[in-house]
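Undergrad: Assemble the complex: chain C is given as a structure, and chain Z must be docked to it using the hints.
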Amino acid sequence: MSNAVMENSPAVPAEIATFTATLILRRFDPDKDAEPYWQDFDVVMQGTDRVLDALHKIKWEQDGSLSFRRSCAHGVCGSDAMRINGKNRLACKTLIKDLDISKPIYIEAIKGLPLEKDLIVNMDPFLESFKAVNPFLMAGSVPKDGKERKQSPIERARYDDTTKCILCAACTSSCPVFWTDGQYFGPAAIVNAHRFIFDSRDEGSQVRLDILNDKEGVWRCRTTFNCTDACPRGIEVTKAIAEVKQAILRGKS
Amino acid sequence: MSTIEAPRSPLKPARRRRGINVEKWGWIYMRASGVVLVVLIFGHLFVNLVAGAGVKAIDFAFVAGKLADPFWVVWDTLLLWLALLHGANGMRTIVNDYANNRMVRRLMLGAIALSTIALITLGTLVIYTFDPCPAGSPANLLPSFCPVR
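So the protein sequences, as listed, match chains C and Z.
Each residue of the first sequence is one higher than the last, beginning at 26 in the numbering used here.
Each residue of the second sequence is one higher than the last, beginning at 7 in the numbering used here.
Looking at chain C on its own, in the form it has when it is part of the complex (with noise of 0.2 Å):
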C-alpha cells in the first residue's frame, strides 16, 4: 500500500461571514428598579451562533450584570427558557440566523410566574404543581419474578411522547390559562400525569385522574396548542392533555 499523499494542499478557511443583531432584552434588578425596562445590545453574530450565544457575549463583553439560567447549553437541561420575539424558546436551540434579524429580537423571561432578575423567574409555583400529580412510580404489588416490571415495547411506546419533558416551563409559561390566576396546573404537570398515568408498571393512576379531574385541572385547559408549539422537545402536549380528559372520562385505554 502506498502512502497517503495529499493531493490538495489545505484550504484555507474563508472568512466566516459575520452580522450584526440587535437584542432588545427585558432587564430587572430588584435591588434598583421599581419596574422591569427594555435595553438593547448590539452583538457580532456567525451563522452558526444561537440567542444562547448572543446573551453570553453580552455578559462577558458589555454588562456583566445580566442574570440568566442555562447549565447544559444543548437542549437536555431545560434552564434557559425564555420568552424570544414572543414565544417561548429554549435559548441554546433557537439560531439567530433563523429569526428575522432585520428586526431587533426581543427577548425576556418567561410569563406568569413570578420574575426576580432579568431573565430568572421563580419556578417553584411551577415545580409545586408538577409535584402535585405524584410524578412517580406507584406500584403497591411485588414484581412477578421478585426483581423487576417488565413491560413490552408497545406498553412502553404507549407513554413515549411524554417521558421527553425537561421540565423547563416553556409550555407551561406559554398557557394563556395559567396566566390568569395560577390555579390551573399547567401543560407541563398534566403532561408527566400522563406519563405515569400510562404506564403499565404503575397502579396509581386513578389517584392522579382524581386530582386532575379537579376543578381547576384538566377541565382548564382551553386547547389553544400554544404549548404544543412551544415545546422543545416536539411533545404533543395538547394532544397528552386531551387523551387525560379521555382517560377521566371512559377510563384508562
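Hints in this document: simulated from the structure, not taken from any laboratory.
Incorrect hints may have been included.
[Unchecked claim] A partial selection of chain C residues facing chain Z, derived with a Cβ cut-off under 8 Å:
#, residue
1, Val202
2, Asp206
3, Asn238
4, Trp244
5, Thr248
[Stated by the list, open to error] Take a look, some chain Z residues computed to stay more than 12 Å from chain C by CB distance:
#, residue
6, Leu84
7, Gly129
8, Tyr134
No residue lacks a Cβ here, since even glycine has one placed at the ideal position from N, Cα and C.
TA: Frame of chain C; chain Z shown alone:
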C-alpha cells in the same frame, strides 16, 4: 429589595371535592350540545332561508305557521335552550379566565346568569303561548289569515 408581585400566589394545593364536578360536566355539555346545535342551526337556516320560496317566504304568517307545528315547537325549544346555555357557559369560562378581580368576576357571572335566565324564560314563553289570532283583538290588528269572527 423589591419584587414583582407573584401572579400565582397564594399557592393552593389541589383540593379533592365530592359531588358533581361542574367543570367536567360543563366541558362535556359544550361538546355534546355543539354537535346537536350544528344540526339544529343549519336545519333552521335551511328551512327558513333556502327551502321553498327562500328568504322571501319569511313573514308573520310563516313564523305563525311554523309555531303551529309541534315538530318546529320542539326544534325551536331545543335550539333556544341548547344555544343559550352553550353561549352562557362559554361566556362563563371566558370570565373565569380573564376577570382577575373577585368582585368583577362575581358581577359578570351574575349578569350572565340573569340574562340567560331572562332570555330562556321569555323565549320559552313565546314558543308555547304564541297565538297569532288572539281572541278579542280588533280586526284591523289581526293578520289576514285569521278566521273572521
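Undergrad: Go through the numbered hints given earlier and state which of them the structure violates, listing their numbers in rising order.
TA: Going through the list in order, the structure violates hint 5 alone and respects the others.
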